[in-house]
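Engineer: Residue strings, one per chain:
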Amino acid sequence: MSLKACMIIGKANVGKTLFAINFADYLQVTRLEIEFTPPGEKTHCRSLSRKEALQELTGTTPHQTLGLQCIQIQMPGLKGKKRFSLMDTSGLTEGIPDETNIRRAMAQTLAEVREAAIILHMIDASSHGKSGAIEAMGQVDWQVAQFGGMRKGYAVLANKMDLPEAAAGLRQIREELPGHLVLPISALHKTGFAEVKQFVWRHL
Amino acid sequence: MTVEEVLDWLEEGRVSPAEAFVLFRAVEEKVELPNDSVKDNQEQLEDVLAELDALIGLKEVKQLVREIQAFVQIQKRRTEERLVTEPLVLHTIFRGNPGTGKTTVARILGRMFRHMEVLPRGHLIEVERADLVGEYIGHTAQKTREQIRKALGGILFIDEAYSLARGGEKDFGKEAIDALVKAMEDHKQEFILILAGYTEEMEFFLQSNPGLRSRFPLHIDFPDYNSEELLAIAELMLEKRQYRLTEGARRRLALLVQKGLRQEAYSFGNARTVRNWIELAIRRQAVRLVQKSGEMTRKDLLHIEAGDFGEGW
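Protein sequences appear in the order of chains A and B. Numbering of the first sequence is given in this note's numbering, commencing with residue 5 and proceeding in unit increments. Numbering of the second sequence is given in this note's numbering, commencing with residue 34 and proceeding in unit increments.
Rather than coming from a laboratory, the hints here were simulated on the basis of the structure. Keep in mind that the hints are not guaranteed to be accurate.
Here are a few chain A residues that sit away from chain B, every Cβ distance over 10 Å (derived from the structure) [claimed, not checked]:
#: 1; residue: K46
#: 2; residue: H48
#: 3; residue: E56
#: 4; residue: L61
#: 5; residue: R87
#: 6; residue: P168
#: 7; residue: T195
#: 8; residue: Q202
Partner residues aside, some chain A positions facing chain B, computed with beta carbon under 8 Å [as the list claims (entries may be wrong)]:
#: 9; residue: A115
#: 10; residue: V144
#: 11; residue: Q147
Being a predicted model, the structure only gives us computed values, none of them experimental. Cβ atoms here follow ideal geometry from the backbone N, Cα and C, with glycine treated the same way.
Sequences and hints are given; from them, build the entire structure.
Structural biologist: Structure follows, in structure tokens:
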């Protein structure tokens with residue numbers, strides 16, 4: 005039986021991969037066994053330490069991740085352990101990107117999102133509302149929220165709460181997505197992870 | 034449409050991720066969607082145009098819709114041939130009295146544009162002032178954005194749009210107009226805005242908001258129906274519901290229509306009023322039949338009698 009998937013989805017550069025690596029670390033995964041599945045290609049596995057994974061898989065340029073990256077996790081809880089696959093995905097874009105590889109990676113993400121037991125929708129709270137559009141939230145985040153709202157295991161992770169502008173961004177996200185669970189976190193400093201763990205545990 | 038098809042479109046760059054999610058939701062909510070192949074889409078476009086043609090009256094409206102259809106088709110073909118194209122700005126003003134077919138035509142336009150792949154969903158979100166204008170500072174922009182979001186991929190139809198300018202500078206309606214104008218910039222090609230209302234009021238509305246007029250290249254006038262057209266509409270409504278008028282009922286309805294047309298156009302609701310009369314007559318026929326003693330025949334069930342329209346309007 006395949007493991008239930010907990011998918012991390014969101015726009016490029018919001019911190020999905022950093023969260024995946026640090027959340028796995030928080031859940032006491034000492035060495036990351038990562039399954040890489042580039043679109044249209046076979047899955048290959050690699051074993052990386054947290055430091056190696058951070059160095060290799062994260063960065064400041066968008067679209068570092070161009071395929072699915074799954075980490076199998078055994079999550080300890082009060083009543084035993086639960087296993088699931090933490091699925092890091094390629095960043096979504098507001099419009100239609102010119103690059104074929106990005107479009108293919110996004111299509112791969114969307115193909116998986118319908119099957120995911122849990123959707124963790126990550127939004128950068130620190131840059132929320134800076135776009136100058138009539139609404140602070142872009143169309144893609146809004147549509148992900150509408151789609152996620154149709155499911156039980158959906159939560160918004162307002163990331164980068166360690167940055168000064170994030171508090172205002174969080175308020176705005178909550179205003180724009182009433183009725184959705186919004187969990188403030190810092191993927192960098194691993195804050196808010198207890199609440200995320202609780203949410204994931206409940207929906208596995 | 035299938036999920037796989039949406040994924041293919043995303044991969045091919047025909048839809049954005051946001052549009053793909055809209056389509057996903059439509060699949061999950063079992064919203065009416067275009068069929069699988071281009072051929073089917075073509076057939077369905079013809080169905081939509083046939084439905085337009087089947088509408089009673091509206092000769093000029095039909096002609097204009099056909100012109101828009103041809104224009105869009107040619108612009109798309111020119112794009113394929115890499116020729117210079119006109120921008121596909123399809124925001125429209127609908128002018129006409131209530132019950133003249135504005136909403137019906139808007140729905141047809143939505144479906145037409147969906148089949149022509151101008152809009153991914155082609156659905157119609159019908160709103161009025163109360164759906165857009167809030168009660169405190171900031172509330173209006175929030176409400177307006179909410180409606181725009183719902184309309185993305187389709188048409189936002191604002192009925193009695195002139196009422197947004199009601200109340201002058203301090204009214205929150207102006208905030209709604211500003212948010213709409215901004216959305217037309219921010220979400221170019223993502224939705225079509227139709228502003229509808231009485232002819233004179235809409236003219237005044239556009240005059241008092243000069244920035245708006247230039248953003249609406251298409252203006253469609255919906256004339257009042259004449260008595261023959263209204264009677265034909267009534268007959269069509271009854272036919273769809275499998276009812277018929279007796280000769281006496283037809284005469285009574287004709288009198289009602291003529292009386293209605295003598296009223297101010299504002300207070301006579303054209304086809305909408307005729308529909309209300311028909312619905313009332315159907316209810317009264319039911320009461321009459323229930324109270325009738327003796328056997329109820331198929332003919333009884335089919336026919337609306339003069340008395341079912343009541344004594345007058």
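Engineer: Is the claim that A/L61 lies outside the interface with chain B correct, judged by CB distances over 10 Å?
Structural biologist: holds (22 Å)
Engineer: When you look at the beta carbon of A/T195, is every beta carbon of chain B farther off than 10 Å?
Structural biologist: Given a closest Cβ separation of 29 Å, the condition holds.
Engineer: Closest CB-CB distance from A/R87 to chain B, is it above 10 Å?
Structural biologist: Label holds. Min Cβ-Cβ 27 Å, cutoff 10 Å.
Engineer: Against chain B, does A/H48 hold up as non-interface, every C-beta pair farther apart than 10 Å?
Structural biologist: holds (22 Å)
Engineer: Does the interface hint hold: is A/V144 within less than 8 Å of chain B, judged Cβ to Cβ?
Structural biologist: holds (4 Å)
Engineer: For the hint on A/A115, does the least C-beta distance to chain B fall short of 8 Å?
Structural biologist: holds (5 Å)
Engineer: Hey, is A/E56 genuinely clear of chain B, shortest beta carbon separation above 10 Å?
Structural biologist: holds (30 Å)
Engineer: Does the claim that A/K46 lies off the interface hold, with its Cβ farther than 10 Å from every Cβ of chain B?
Structural biologist: Correct as stated: the minimum Cβ-Cβ distance to chain B is 19 Å, above 10 Å.
Engineer: Are A/Q147 and chain B close enough, Cβ to Cβ, to be under 8 Å, as the hint says?
Structural biologist: This interface hint holds because 4 Å falls under the 8 Å limit.
Engineer: Report holds if the minimum CB distance from A/P168 to chain B is greater than 10 Å, and violated otherwise.
Structural biologist: Holds, because the least Cβ-Cβ distance between A/P168 and chain B comes to about 23 Å, which exceeds 10 Å.
Engineer: Could you check that no beta carbon of chain B comes within 10 Å of the beta carbon of A/Q202?
Structural biologist: holds (27 Å)
Of the numbered hints listed earlier, not one is contradicted by the structure.
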